[in-house]
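Student: For reference, the chains in residue letters:
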Amino acid sequence: MCCNKHTKKGCFSSFHLRITKKLFFNRLILSIISGSASSFSEASYKPSFLPDEELKHLVLKAADGFLFVVGCDRGKIVFVSESVTKILNYSRTELIGQSLFDYIHPKDMGKVKEQLSASELHPRERLIDAKTGLQVQADLPIGASRLCSGARRSFFCRMKYNKIPVKVEEKETQANTSKKKESQKYCTVHCTGYMRSWPTSQMGAEGEGEADKQDSSYFSCLVAVGRIHSHSAAQVNGEVRVRPTEFVTRYAMDGKFTFVDQRATTILGYLPQELLGTSCYEYFHQDDLLHLADRHRKVLRSREKIETNCYKFKTKYGSFVTLQSQWFSFVNPWNKEVEYIVSTNTVISYDNSRTGRSGHKSEQSGNSKASEDCKKSLPVLPGISSASGTMIYAGSIGTQIANELLDFNKLNSSPSSPFSLAQDKSPQTLHQITNSVPNGETSDMEIPGKSSSEGEPQGASFSGGDSLMGENSQLDLDSVVGASLNSLSNDEAAMAVIMSLLETDTNLGEAVDFEEMHWSL
Amino acid sequence: MTADKEKRRAISREAARRRRRVESDVFGDLSRLLPLQASVRAHLDKPSIIRLTLSFIRMQALLRETESAGCNAEAGHAVRFPRGVEAGEGRLFESETEEIAPLDETKMYLKILEGFLMVLSTTGDMIFLSDNVSKYMGLSQQTELMGHNIFEYTHPCDHEEIRHNLRLTAELGCSQKRDFVMRIKSALTHRGRVGNLKSTTWKVLHCQGRVKLCVASSSVSCLLLTCRPLPLSHTLLSTHTFTSQHGMDMRFTYCDQRVTSLLGYRPEELLGRSIYDLCHTLDTSCLNKNHLNLCLKSQSVSGQYRMLVRSGGYVWVESHSAVIPGVQPSRSRPNPSQPLCILSVTYVLSGVEEPSLQLSLDQTFPRYPR
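Chains as they are written, first to last, in numbering that gives the first Met the number 0: chain A, 0 to 520; chain B, 0 to 369.
Same shape as in the complex, but just chain A:
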């Protein structure tokens, strides 16, 4: 090497240019990292319970994240911490120097570009006014605030991850080809961090900077932590416990379909849009109407899962499949109104002639007329089922049941505060309330600002809540908060909520505390 790495003037061969650039970036990294240290070195020596290295390991474990620094103009990965290997399965050497965009899902590139961009062509910044919650346009000139040191960024993007961990010996050869060999899998990463910019002249780097004259005087980058999102899509799908012979539907209170899972099509023959808007009663077999109507009534008044008996559901081709369903009413936690009824439907048995269109089966007790109607090709219109005529009256069953409930509620209604609504569902909530007393809870604990807490509040048995039909049909305010809050008056309860909400102001719209960050150069 003809140039000592400590000299500032490099020879102008490309190799040495790259060295110079590398030095520039090295110093950048050092400044980023030592910058934070300077604020600590000023304080007197402070022994800590954990050496930094150990603390770092714990933070990495807890946060499941990696630190990265990318340049804003090209997205070049200037630095990435070692923990990235555990998360994305790429080695550091593979990533450093590459463009971040090579590792981002194609559809997210625009999003990430925007987050990194210093272009003046971009729309004005959107901020949220903490007081009104409305968006406001920033008054600052576009470029300045974006590049403003400490401007915060937070976004999600899908990043590639390597399925096979890279081995040490092979990493040299695989570095460029591994991306092509393995299938691309993506995971959702939540990136949070800050923008930083440095004047490159101070860095002492010479040689060719970036092509743009403007950019060459400032090096802007994003310093951020990427965390794997704890509920990535793959996991969520894995946790849904709906088997192939099941499908999920949603009914409005009166039994009309408002949501139909696409699995229904293979089972029932209808496309979702053919069912949507029609009443479920139009498809129930006559013999089953009574018991299903009874269940319908029950589910609207209860918070529990209601199981139906086996019943027959008419398919598109006129035959019937035997289903069995679990229903529960999902109730809005705040205003206690029924939002909809969720139905998980399991196939018990298929009709033999399901595949054919000849609908003459002994199970079809009654209307040959109905089966003929089904064979007519009627235009598909939401709200009017294809089984017309004889079964139309069935649709009104649901409406009637829904109206019953509304009348019932009107009679029983109390002022519409969530905290004082009558407990006409007490038997159900009882089994949800446990009498556990929190550990270490004593009556002299201060609850700031609250007028509640007469004794220990009771908590509900808290299920994981990921599956649709979990232990409890639904968590709701009453069972979680328990008796104590319910016994408050309307005003007191609302006051308690507001007092506990005041703290949120400090989290919204606060300027980042720039003094905290001593970024030295």
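Derived from the structure by calculation, the hints contain no laboratory data. These numbers were taken from a predicted model, which means no experiment stands behind them. One should not assume that every hint holds.
[As the list claims (entries may be wrong)] With a Cα cut of at most 25 Å, we get these calculated SDA-like pairs of lysine to any residue:
| # | chain 1 | residue 1 | chain 2 | residue 2 |
| --- | --- | --- | --- | --- |
| 1 | A | K106 | B | S349 |
| 2 | A | K106 | B | S355 |
| 3 | A | K75 | A | S116 |
| 4 | A | K162 | B | K176 |
[Unchecked claim] Quick list of the computed label-pair ranges, beta carbon to beta carbon:
| # | chain 1 | residue 1 | chain 2 | residue 2 | range |
| --- | --- | --- | --- | --- | --- |
| 5 | B | R63 | A | M108 | 19 to 27 Å |
| 6 | A | T345 | B | I49 | 34 to 42 Å |
| 7 | A | C186 | B | P354 | 20 to 28 Å |
| 8 | B | K176 | A | F407 | 39 to 47 Å |
| 9 | B | T259 | A | E403 | 21 to 29 Å |
| 10 | A | K409 | B | S198 | 23 to 31 Å |
| 11 | A | E52 | B | A15 | 42 to 50 Å |
| 12 | B | T52 | A | N411 | 29 to 37 Å |
| 13 | B | Q256 | A | Q183 | 27 to 35 Å |
| 14 | B | L53 | A | D51 | 21 to 29 Å |
| 15 | A | D101 | B | L270 | 36 to 44 Å |
| 16 | B | T259 | A | E306 | 26 to 34 Å |
Think of the CB as a built atom: it goes at the ideal place given N, C-alpha and C, for glycine as much as any other residue.
Given chain A, work out where chain B should sit, using these hints.
Tutor: Just chain B, lined up with the frame of chain A:
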């Protein structure tokens, strides 16, 4: 007789004094072994010394466990960088940063994440907290918090949930993630100054982390968490986010224009609609939990859920929400009849999946020409 009694009393007093002196000496020795600042050490009482010692011992045990587990379990993932072996540019770059980076990376993380680290035992003892906890809670790490039980500092209504998150450490298996929101005492005033311990308010923290199982001794199993307050505003909202306001029942009262390009609804179409209608049925429980968090704790991070796109199919989204008092609240005199509303920032995470699929009633209605 009295002289005898006096003498006995004097002897027992002396003995007691000696015992106390010995006790103080031992405690003093113990406190000097702990990595504490001198100013802090001077003010510690005996229970605090014991608490801090327990923390120290547990942390050491935990780290030993982490190291040994780390070597075994994660060998497949870790890439060791042999120093000074490769020639060329690579080496130049790595060796410099390798030496320096680990030292202050930790502080970088905590700064960027804007949170603190908490290590919780299965019984809820806060074995360890990182230094910067005082910035968020206004309480000092060492004297006031470390070794204490978390249930003394959190809102009673959240205890059940915290206990639920701690409970599963007893089960063997792969390490599990944790993600929940809780309210913790904060001695900070609204302006960020440390106030009186008596006048604490509740701060909402988003805790994320994982279980750290210790096979050797179950008492060392614990929860590692990063805790951070939930900021809602950012200086730049990307094109893939939209903001919305809702009533406390989660019906839309406002939605910004971006929703049209992302989901196909016009903001006017959404007003008065409940968010539950617009999402995939299988995500009902996720939304429910989010809503409950908002009602009870005033801030929430939903998990990922699916919002239905107007013309068919759905997108995966995540919402960060907070309850804010209605327009122009008066802090000094909060009015119970002040309308509260929910402010939500929704990030769209994926593209439109299954665009031809019509799952809900809304999707079947034809679009009217504008």
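Student: For every hint, state whether the structure bears it out.
Tutor: Against the structure, the hints:
{"no.": "1", "hint": "K106(A) x S349(B)", "verdict": "holds, 8 Å"}
{"no.": "2", "hint": "K106(A) x S355(B)", "verdict": "holds, 19 Å"}
{"no.": "3", "hint": "K75(A) x S116(A)", "verdict": "holds, 13 Å"}
{"no.": "4", "hint": "K162(A) x K176(B)", "verdict": "holds, 20 Å"}
{"no.": "5", "hint": "R63(B) x M108(A): 19 to 27 Å", "verdict": "violated, 44 Å"}
{"no.": "6", "hint": "T345(A) x I49(B): 34 to 42 Å", "verdict": "violated, 57 Å"}
{"no.": "7", "hint": "C186(A) x P354(B): 20 to 28 Å", "verdict": "holds, 23 Å"}
{"no.": "8", "hint": "K176(B) x F407(A): 39 to 47 Å", "verdict": "holds, 43 Å"}
{"no.": "9", "hint": "T259(B) x E403(A): 21 to 29 Å", "verdict": "violated, 39 Å"}
{"no.": "10", "hint": "K409(A) x S198(B): 23 to 31 Å", "verdict": "violated, 45 Å"}
{"no.": "11", "hint": "E52(A) x A15(B): 42 to 50 Å", "verdict": "holds, 46 Å"}
{"no.": "12", "hint": "T52(B) x N411(A): 29 to 37 Å", "verdict": "violated, 59 Å"}
{"no.": "13", "hint": "Q256(B) x Q183(A): 27 to 35 Å", "verdict": "holds, 33 Å"}
{"no.": "14", "hint": "L53(B) x D51(A): 21 to 29 Å", "verdict": "holds, 22 Å"}
{"no.": "15", "hint": "D101(A) x L270(B): 36 to 44 Å", "verdict": "holds, 42 Å"}
{"no.": "16", "hint": "T259(B) x E306(A): 26 to 34 Å", "verdict": "violated, 42 Å"}
Taken one by one, the earlier hints fail for this structure at numbers 5, 6, 9, 10, 12, 16, listed in ascending order.
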